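Asker: The sequence shown begins at 1 in this note's numbering and counts up one residue at a time.
Hint data in this document are derived by calculation from the structure and do not stem from the laboratory. Remember, it's a predicted structure, so these values are computed and weren't measured experimentally. Be a bit skeptical, because a hint or two may be false.
To be verified - Straight-line alpha carbon distances no greater than 27 Å define the calculated DSSO-like cross-link-like pairs of lysine-lysine that follow: (1) LYS108 to LYS27; (2) LYS47 to LYS61; (3) LYS62 to LYS72; (4) LYS27 to LYS48; (5) LYS47 to LYS27; (6) LYS48 to LYS61.
What the hints assert, rightly or not - What follows is a set of in silico ranges between Cβ atoms, one per label pair, in the way DEER data are often shown: (7) THR60 to ARG109: 55 to 63 Å; (8) ALA23 to GLN97: 18 to 26 Å; (9) ASP3 to GLY73: 27 to 35 Å; (10) ASN20 to THR60: 53 to 61 Å; (11) THR30 to ILE71: 13 to 21 Å; (12) GLN106 to THR41: 21 to 29 Å; (13) ARG34 to GLY73: 45 to 53 Å; (14) THR59 to ARG36: 58 to 66 Å.
No residue lacks a Cβ here, since even glycine has one placed at the ideal position from N, Cα and C.
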Amino acid sequence: MIDNKDFIIDQTIIDIELCNLAATMMKYATEEARLRLQVETLEEQIKKHEADIDSYIRTTKKEEKPTEARIKGLIVTNERRQELVSELLDRQFEHNQMRWAVNALQAKRDCLVALAYRDRQLAKSDGWNKY
Numbered sequence: 001m002i003d004n005k006d007f008i009i010d011q012t013i014i015d016i017e018l019c020n021l022a023a024t025m026m027k028y029a030t031e032e033a034r035l036r037l038q039v040e041t042l043e044e045q046i047k048k049h050e051a052d053i054d055s056y057i058r059t060t061k062k063e064e065k066p067t068e069a070r071i072k073g074l075i076v077t078n079e080r081r082q083e084l085v086s087e088l089l090d091r092q093f094e095h096n097q098m099r100w101a102v103n104a105l106q107a108k109r110d111c112l113v114a115l116a117y118r119d120r121q122l123a124k125s126d127g128w129n130k131y
């Protein structure tokens, strides 16, 4: 997923780095969006599963009339819900990593632009660049 080489700046090829950066940023932004969608989907699955459990308890335990606390306890300890929550936490972690990777690439872009500007200014002051 995340390749540390994508975040390194090779100052000997700043122009190439700048040209390739857009494709790299797009790759990470697409992955970040995919992970965000997975997180949102899992959140909805958990809500639906909790509602299904709640409904089942209320319709099958009419003679006992369980308390709200008991219903909540049964929902929270449900094995499938716990699996979904665990998967959600994993996806949230991956999503956060990818979001920070996108932020790091934006910082890399800013550094590359600054380095390119600096190199251009140095070249002008040396007189060898006729642009």
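Asker: Taking the hints in turn, state whether each one holds.
Answerer: Hints, verified against the model:
| no. | hint | result |
| --- | --- | --- |
| 1 | LYS108 to LYS27 | 15 Å, holds |
| 2 | LYS47 to LYS61 | 21 Å, holds |
| 3 | LYS62 to LYS72 | 16 Å, holds |
| 4 | LYS27 to LYS48 | 32 Å, violated |
| 5 | LYS47 to LYS27 | 31 Å, violated |
| 6 | LYS48 to LYS61 | 20 Å, holds |
| 7 | THR60 to ARG109: 55 to 63 Å | 58 Å, holds |
| 8 | ALA23 to GLN97: 18 to 26 Å | 20 Å, holds |
| 9 | ASP3 to GLY73: 27 to 35 Å | 45 Å, violated |
| 10 | ASN20 to THR60: 53 to 61 Å | 60 Å, holds |
| 11 | THR30 to ILE71: 13 to 21 Å | 41 Å, violated |
| 12 | GLN106 to THR41: 21 to 29 Å | 27 Å, holds |
| 13 | ARG34 to GLY73: 45 to 53 Å | 35 Å, violated |
| 14 | THR59 to ARG36: 58 to 66 Å | 35 Å, violated |
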